[in-house]
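Chemist: The lines below spell out each chain.
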Amino acid sequence: MMMSPASTHTDIKRRSPLSEFRVALKMPVLCSSCAEKRAVLKRPKTAHSLCKECFFWAFEEEVHQTIVSAQLFKHGETVGIGASGGKDSTVLAHVMKVLNERYNYGLKLLLLSVDEGITGYRDDSLETVKRNQQQYELPLKIVSYEELYGWTMDAIVKQVGLKNNCTFCGVFRRQALDRGAMMLKVDKICTGHNADDVAETVLMNVLRGDIARLRRCTAISTASEGEGVVPRCKPLKYAYEKEIVLYAYFKKLDYFSTECIYSPNAYRGHARTFLKDLEAVRPSAIMDVIHSGENLSVREGVKMPVQGTCGRCGYISSQALCKSCVLLEGLNRGLPRLGIGKHHRLHEKILLQQPLTQEEERKLKAVDF
Amino acid sequence: MCQVDEEYNGQLEHRVTPRVSKKCVKCKENTAVLIIRAGDAFCRGCFKEYFIHKFRAMLGKNRVIFPGEKVILAVSGGPASSSMLSQVREGLSRDAPKKLRFVPGIIYIDEGGASGQSMEERERAVAQLESVFRATNYHYHIVHLEQVLSLPSSVLEAGSSATEKPQTGSSYKAAVDQFIQTKKNQHPDLSLENAQSHLSSLSMHEVENGVTSPITPEHTQALQKLFASVRTLTAKEDLLHTLRQHLILHTARTQGYTKVMMGDSCSRLAIKLLSNISLGRGASLATDTGFSDPRYGDVVIVRPMRDYSSKEIAYYNRMFDIPSVFIPGLDTKAQDKASIQHLTESFVTKLQTDFPSTVSTIYRTSEKLHTACPPQNTNTQPFAKCLLCVCALDTKLEEFSAYQATLISEQLSQRRGPASSASQGQCCSSGGGQHQGCMTGEGGCCSSAKSTVDLKSLLCYSCRLTIKDMVNALPQYILSEAERRKRRSQMREEISEFLLDEEEDEAIPRVNGSLQ
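Quick note, the sequences are listed as chains U and L, same order.
Throughout the first sequence, residue numbering follows full-length UniProt numbering, covering 1 to 369 in sequence.
Throughout the second sequence, residue numbering follows full-length UniProt numbering, covering 1 to 516 in sequence.
Just so you know, the hints here were simulated from the structure itself, not pulled from any lab data.
Each hint should be verified, as a subset may be incorrect.
[Claimed, not checked] Mimicking DSS-like on lysine-lysine, the simulated pairs with C-alpha atoms at most 30 Å apart in a straight line are:
1) Lys323(U) to Lys163(U)
2) Lys163(U) to Lys350(L)
3) Lys456(L) to Lys242(U)
4) Lys54(L) to Lys303(U)
5) Lys276(U) to Lys456(L)
6) Lys368(L) to Lys323(U)
7) Lys396(L) to Lys368(L)
8) Lys333(L) to Lys276(U)
9) Lys396(L) to Lys303(U)
10) Lys242(U) to Lys468(L)
11) Lys303(U) to Lys368(L)
12) Lys303(U) to Lys61(L)
13) Lys396(L) to Lys74(U)
14) Lys163(U) to Lys368(L)
15) Lys242(U) to Lys350(L)
16) Lys311(L) to Lys276(U)
17) Lys337(L) to Lys276(U)
18) Lys368(L) to Lys276(U)
19) Lys368(L) to Lys311(L)
20) Lys468(L) to Lys276(U)
21) Lys468(L) to Lys52(U)
22) Lys396(L) to Lys276(U)
23) Lys468(L) to Lys37(U)
24) Lys337(L) to Lys163(U)
Every value quoted in this text rests on a predicted model; they were computed, and no experiment measured them.
This is chain L alone, in the form it adopts within the complex (with noise of 0.2 Å):
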């Protein structure tokens, strides 16, 4: 009920109640096993070949892996994850003249050190996530969250796109007979598989294989103290979101994967679309919980379990023995209210017990958006996108909107100044542009918070709401990239009447001057 484009027509008449020893209905010879939505009910076979069917008809139906491309697969050690991960093998190993042709290798990040885990705990998960990762034969790289306080601060440029690759279905096709072409030129007499396992073996005798870098504990504390200087666990999980992020990129960057996949189910997208819209970033939905996430340039994010409820990937890791480790997170156990997306989540599950098509709907509602501003232009400055989430920056003030009022309102609560400030302590964090005296006089409370003053404006409206909540520093990376981009919009403000670029300032936040 209450949904927009609901029939009522067929759902009046007499209820069937659902059964166990009713007909698979799909193969309608063999006794069904488990029912997934309203009256599918299907027998075990039936259930795996519509399983994988969806695993491939979403790869099919996106064309954007090419064959040949070394893809990582993103693991948590959860179980949509895990399933991904049996999915791909399952599709790599078949004999098939439709198999998946992709190189793939696995990264997992461990972030016990952020969610307060001992050394001993994180060996032992890092442990069983290695036998799984063996059993598969393929390049896994074990990566700490404390290494991405040492990372190098261009992993926020965002790269250009990878060769030209035009993304009509005929050049796709081409590419893949090519492919094949190719592989039966070069291997006559091996098959590819063991071609495949052939390239990964050599790999791993190139690169260490598994853990990249030892940590020490003062690593761990540097990363304990980052997170602890985060006052709420929203804007805790939000940052670990994205330092998460900016490892996976690393990794993919420098050991040369051009697409990544992430196991990201239907029911954890519909958390997430309404956790982003009331985290204030609705101008991202579309690549926050599309397909294909192209922000980052040469890495694309691919999604492919997003069609699949956590209830069918449960189903099929119980039935088929998929193994998969619970890894507590930042928010295991914590109160239904101690973060938006915690919120959300104990919001959604519990609303879709009463109507179950809400998952699917938000779905659905995912599925019509697309994003405000597609950078497709190559030629985009990098500052005009978030510094943080690599997303365009939606904070213009063109048209009245909801971002000018809240400024408005800053403003207006404050509006006599500096005497006020010293008590308040939250004066250079608002109503920057204006206050201009407070920032460069007041020497003794701004200088420590001059630093969050002027990441705002390269800052996405939501990620300047995590930043609001930081005491101290980010990470060093992120911070020198801060300073090469405002580098870079002075020069650019200084040189702007003789540029002939079309792209105008609107693209460059302003430092002084207007309010930001």
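This is chain U alone, in the form it adopts within the complex (with noise of 0.2 Å):
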């Protein structure tokens, strides 16, 4: 029986994060940093007792730091903020918005949508964009698969089912994020990718043998040359998730916060548990993958792809085609695996737009729901 990592995760998304702290405070506790008020909250990250006002301070404190000591930003840039309607990305907005101000980076800031076209999920998250947008005063761009593809989700999981349908959503998102970049003429693009999404993948990259993403994996911001290539950065890359939502409670942001429906399938579950399973027997552990990620290193003569560009349209791809071209033809003509698994040898005939053999078109269209 396959075993679904959604069981246990919606478990613990059910607990509120914030009942455990409050049954532990029945004594009046004073704030570690201020010494003045009295404690609201315990921080996921160092279990130290924080009031409101210092919980807020420390936590911009610390995402200004990491801004300021990994060089993320230079002055008078455009930067774009990957807005999803999400916690993390409504955090994000919120933070940048405030440290430009505070800190003067002189930086333009606006919001970047993606709509992939999941009915229930994206339609709903998208009006909290927009209520953002209006909230901070922020220039926003929506694009959407739709008009860059011509496939919706939910048309893509159709045809392909409910196993592989995350590796296309997450393909054709990055470079809608790049291609809405472009539009908008962004210098850098930045992300809310936090803690436990780096600890995340780097758990996953080690279990799916992935060497190369298990490099670059915990890099803060992205090698910045090539055309068509907008640099993006991870400035809440130490902020704890939990921490993430204390913050956007206590501020009382909106956001909106359920999972993509198509999502309790993904192999990415697995590591998610896992790592929330090590968050709870030793909280330091995100931080403690991401050093163990950050120091890890491949010894020589092991094979890594070179960076080139794809045939078809340019993007930056370490194959002929890029992944995304090969998607979108397996999907336009019907054979839903063609992205998925290495089948090298095909790009070349796609780029050339030969027809494939019967046998190829056989193996390529089976799929298991």
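Please dock the two separately framed chains into a single complex, following the hints provided.
Modeler: In structure tokens:
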């Protein structure tokens, strides 16, 4: 029987992150930072008890230190904030606005949102983004899969099934963000990936044996060379997910908080449950995993992919055709498995628009629902 | 599915249901008796050959064990190490020209004191194992974990690597040939087996075989007190592992062994890899899970069983009656989430049932890693390595990293310091460099924790986490070594401007001043 990572995961989600903190506070404890006001929360990261203002200050200051020490932005740049309407991007937008004003980064901020076309999930979260736009007075641009590729996620899932759909969504979204950024002439994109996300990615890459990604995934910003590529960074890289929720709760920020309806069967769910359990055993485990990921080093002589460009659309790619072209081709031809698995030999054929043999077509059609 | 390099070409064909009445895939004659991976059915004879061949291939591929060397086998009584013992016996007893050529010894560490077993249970387990060891005719050592409390502090000094043996194939072959020649010349009428048993019987008379020194209940109590002072099971297991390594290392050094063979199987190493990542040991993953572990310098740890899955070992042990003894450990019957190591074990095993290639994928990942800054240079100062785990320190503060972010968080949560430190009780263990006033000033709360503060700069990231969970002090030998290193680093700071050495101060952990 297929173990569904969803069951444990939603159990954890249902428990409010703050109830445990409230129960623990039977006696008035003083804030450990200002020692004046009563502490109202316990920091998941360091287990210190803090009052509201000190927590806000600590949280914002940490993001500021991250930005400054890693030199993420330059004065006068235009920065696009990847906004999905979820907690990470809402908090990111808020904190970026606050820090931009407080420390005079001189950045021009705007919101970038991607509409994957998932009914019941994305249309609700987009409403949140539109609200954010009004609240923070930032310009907003929405790009949709429909206009970029001609396919919505709902239509893709109908063709592909429920097992490999996350691959499609992830690959398409990356390109969609870049295209949107280019349309708006943005210098950098920043996303709301938090510490839990990065740690999960490290674990997942170890489980999948993806040594190339393992080396890159802990980098706080991506390389900035190449045409059609907008460098992106993760200012919230060292912020715990629970602290982001705490921040949003106390600041009364509004966000949309449901799981994507197609995600329960994703492989990433296993890594996520494992990470959540690790955090329960030892709260610093998340930072420890990131620390391990940063200190990994790969032997010489291990084959690494080389960056080139796609033959068809000119986007960056390590193969002849970029992944989204391959996936799109598969979708348009009714061969959903074309992007899943290794088919390098077929890339040339597709590029030259040669027909595939009967045998190849048959293999690529079979879908395991 | 979900593996990066997976080919889907073959898998979409019709599935072949494995049946036991199939023929063995190797010899194609006999009936298969077991199935290893998805399609490989083996008969009894072919399986035995396959199993034995893997062991010898692993040793032969990595030519680290030179002929005539003394190698100590670390046997815990579990299936993997018992299997390793039987493989070594098998390899040494053959008449084939390619037989293994080293002098084996066995060590068993009795950890009953730490895991709370009674003396009778421990003696029973030891007796069972002794009967197994006696049957092999090799020299064996039974060491109690209590003896770790009386180790000399020199155990933590990295020994220099034994005579420079360049690891090229030609010199290995030359060494092997030379060995055969000398043996032939010395004992022209004795065969090699007799020579070896001759050697081992000699050594048996020299040192009292078996238990090295008797232990008293006070020792056991001291050990229990040490372990009781550790708050979390994760830290306990980590500490136990460290102490065990030190004991094995010490025994190997005093008895003249240059190699240690550990019985970690593929599944065990995959679990170890993941749990080490979770513990923050990313920098030393290659040494912890690779084939050879050169961190101690003069004694090299090798892991010849790393290609065997626990399933193969279990089948082999059952089919060929390999004796093994189950001894409960620290985490036996513990809950799933009791410790990180235990949690990882249950995670990997569960994932393996749904995705059978999990363990082998993790294994392949570990093969592609190497240690970030391999300590090739014998001039590397001893305190550039961690005090406990003897791996290179990974706490440099050059570029912005997770470690630095953690320090900043600690700082920011306790900005206006000393008044809050009394209530927190954590003052000393965090922000060490900044709160100097706290360290020397506040006598009361700080003095007991002072020893832990000093140690932090000598430890790697994950050993610091282990120490954080400990209330009491570590065994004396570790503390005295720590003191020695501190004195040396102070000495070095005084004369640093006069030293012409290129290895700069980055090797020296800063006691005062900048963030640690």
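Chemist: Take the hints in turn and mark each one as holding or not.
Modeler: Results of checking the hints against the structure:
For the proposed pair lysine 323(U) and lysine 163(U), the alpha carbon gap of about 18 Å is at most 30 Å, so the pair holds. Restraint check: the Cα-Cα separation between lysine 163(U) and lysine 350(L) comes to about 19 Å, which is no more than 30 Å; the hinted pair holds. Of the pairs offered as hints, the one joining lysine 456(L) and lysine 242(U) holds, with about 28 Å between alpha carbons and a cut-off of 30 Å not exceeded. With a CA separation close to 26 Å, the supplied pair lysine 54(L) and lysine 303(U) stays within the 30 Å bound.
In summary, the hint linking lysine 276(U) to lysine 456(L) is supported, as the alpha carbons are separated by about 28 Å, within the 30 Å threshold. In summary, the hint linking lysine 368(L) to lysine 323(U) is supported, as the alpha carbons are separated by about 25 Å, within the 30 Å threshold. Distance check on the hinted pair: lysine 396(L) and lysine 368(L) sit about 24 Å apart at the alpha-carbon level, within 30 Å; holds. Only pairs whose Cα atoms come within 30 Å are accepted, and lysine 333(L) paired with lysine 276(U) is accepted, the gap being roughly 22 Å.
Only pairs whose Cα atoms come within 30 Å are accepted, and lysine 396(L) paired with lysine 303(U) is accepted, the gap being roughly 29 Å. The hinted pair formed by lysine 242(U) and lysine 468(L) meets the criterion: a straight-line CA distance of about 23 Å does not exceed 30 Å. The hinted pair formed by lysine 303(U) and lysine 368(L) meets the criterion: a straight-line CA distance of about 10 Å does not exceed 30 Å. Using a Cα cut-off of 30 Å, the hinted pair lysine 303(U) and lysine 61(L) holds, with the two alpha carbons roughly 21 Å apart.
With a C-alpha separation of about 26 Å, the suggested pairing of lysine 396(L) with lysine 74(U) holds against the 30 Å cut-off. Our distance criterion of 30 Å between C-alpha atoms is met by lysine 163(U) and lysine 368(L), whose separation comes to about 29 Å. Distance check on the hinted pair: lysine 242(U) and lysine 350(L) sit about 27 Å apart at the alpha-carbon level, within 30 Å; holds. Taking the CA atoms of lysine 311(L) and lysine 276(U), the gap is about 29 Å. The hint holds against a cut of 30 Å.
The straight-line distance between the Cα atoms of lysine 337(L) and lysine 276(U) is roughly 11 Å, inside the 30 Å bound, and the hint therefore holds. Of the pairs offered as hints, the one joining lysine 368(L) and lysine 276(U) holds, with about 27 Å between alpha carbons and a cut-off of 30 Å not exceeded. With a C-alpha separation of about 24 Å, the suggested pair lysine 368(L) and lysine 311(L) falls inside the 30 Å cut-off, and the hint holds. For the proposed pair lysine 468(L) and lysine 276(U), the alpha carbon gap of about 22 Å is at most 30 Å, so the pair holds.
Proposed proximity of lysine 468(L) and lysine 52(U) is supported: the alpha carbons are some 28 Å apart, at most 30 Å. Distance check on the hinted pair: lysine 396(L) and lysine 276(U) sit about 28 Å apart at the alpha-carbon level, within 30 Å; holds. Distance restraint check for lysine 468(L) and lysine 37(U): the Cα-Cα separation of roughly 28 Å lies within the 30 Å cut-off, and the hinted pair is therefore satisfied. For a cut-off of 30 Å, the pair hint linking lysine 337(L) to lysine 163(U) stands: about 29 Å separates their Cα positions.
No hint from the list above goes unmet by this structure.
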